[in-house]
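As given, the protein sequences belong to chains A and Y, one line each in that order.
Here the first sequence stands for residues 668 to 799, where the numbers follow my numbering.
Here the second sequence stands for residues 668 to 799, where the numbers follow my numbering.
It is possible that some hints are incorrect.
Output of the computed footprint for chain Y on chain A, the stretches with three or more beta carbons under 8 Å from beta carbons of chain Y [said to hold, decoys possible]:
1. 737-749
2. 773-780
Between beta-carbon pairs, the in silico distance windows are [claimed, not checked]:
3. Y/ALA725 / A/ALA725: 20 to 26 Å
4. Y/THR694 / A/THR779: 38 to 44 Å
5. A/ARG678 / Y/SER675: 26 to 32 Å
6. Y/ASP674 / A/SER672: 37 to 43 Å
7. Y/GLN795 / A/GLY708: 34 to 40 Å
8. Y/THR761 / A/GLN795: 27 to 33 Å
9. Y/SER788 / A/ARG755: 48 to 54 Å
10. A/ASP731 / Y/ILE753: 28 to 34 Å
11. Y/GLY776 / A/ASP718: 31 to 37 Å
12. Y/ASN688 / A/THR761: 31 to 37 Å
13. A/ARG678 / Y/ILE734: 30 to 36 Å
14. Y/LYS709 / A/ALA797: 47 to 53 Å
15. A/GLN795 / Y/ASP718: 20 to 26 Å
Treat the hints as calculated values from the structure; they're not laboratory data.
We treat Cβ as the ideally placed atom computed from N, Cα and C, and that holds for glycine.
Residue-level listing of the chains:
2 protein chains.
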Amino acid sequence: MTTDSPDSFVRSFTALLAAKNIDVASTMISDDCEYDNVPIGKAFGPQGLRDTLTGFFAMCDSLDWEIVRQSSTGDMNSAVVLNERIDRFVIEGTTYELLVAGVYEIRDGRITLWRDYFDQSVLMQAFQAASS
Amino acid sequence: MTTDSPDSFVRSFTALLAAKNIDVASTMISDDCEYDNVPIGKAFGPQGLRDTLTGFFAMCDSLDWEIVRQSSTGDMNSAVVLNERIDRFVIEGTTYELLVAGVYEIRDGRITLWRDYFDQSVLMQAFQAASS
């Protein structure tokens, strides 16, 4: 992975997660990585990533996370990457679109921060529909 | 303003608005600029900016919008700027902190898109407190 740029690293990470490949995505984050879903809460490290996403991924028939805009500063030793995404996910045949802005920090070749900003009402609506 | 970089241009724009200086900030956006508060709605152009912010600014004793991280791509002819902010505002003596991610596009020396991602629950809480 040493040939990656911060830009391509975050794109790969995002694509792996949208493919529900938590195993490989987990190798791209640091042991103490902060994973912060701003309106909901934080988790830490590979296990935190897994705990947060496993249940959600199990609910989803499929996911498509589109990066609309992205800008990065720095290199794989130390970088900030910010993006704007449309996180699409299908639950019981219904497609939901979550409009998201993501903030990432990279240190020593791994993601040390992943923070997503969004309005939680869309997510709550999807969860309620899925549990009804 | 031709000596500005996209990075400094957005920093100036943000500081002007936090100082409630809509008049000067308005000159930095295009006539058809899209101003999108994602969970709430869109407004367009200098008048839309004014209509959206005048009432809010009137409620606020003071504002302090801190840019925590920012990254930009391009130049003043065509650029994308993304940032992470803490928008602090004081209403009736109480300080609120709105955690925001902003997306900006610049074309031909002016801001043509300003889109803010945040969870609206903090904002609604402040508005309810102010109107009670």
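Verification of the hints:
| no. | hint | in the structure |
| --- | --- | --- |
| 1 | 737-749 | holds (count 7) |
| 2 | 773-780 | violated (count 0) |
| 3 | Y/ALA725 / A/ALA725: 20 to 26 Å | violated (48 Å) |
| 4 | Y/THR694 / A/THR779: 38 to 44 Å | holds (39 Å) |
| 5 | A/ARG678 / Y/SER675: 26 to 32 Å | holds (28 Å) |
| 6 | Y/ASP674 / A/SER672: 37 to 43 Å | violated (19 Å) |
| 7 | Y/GLN795 / A/GLY708: 34 to 40 Å | violated (23 Å) |
| 8 | Y/THR761 / A/GLN795: 27 to 33 Å | holds (31 Å) |
| 9 | Y/SER788 / A/ARG755: 48 to 54 Å | violated (23 Å) |
| 10 | A/ASP731 / Y/ILE753: 28 to 34 Å | holds (31 Å) |
| 11 | Y/GLY776 / A/ASP718: 31 to 37 Å | violated (47 Å) |
| 12 | Y/ASN688 / A/THR761: 31 to 37 Å | violated (45 Å) |
| 13 | A/ARG678 / Y/ILE734: 30 to 36 Å | violated (24 Å) |
| 14 | Y/LYS709 / A/ALA797: 47 to 53 Å | violated (29 Å) |
| 15 | A/GLN795 / Y/ASP718: 20 to 26 Å | violated (33 Å) |
Of the numbered hints stated above, those contradicted by the structure are hints 2, 3, 6, 7, 9, 11, 12, 13, 14 and 15, listed in ascending order.
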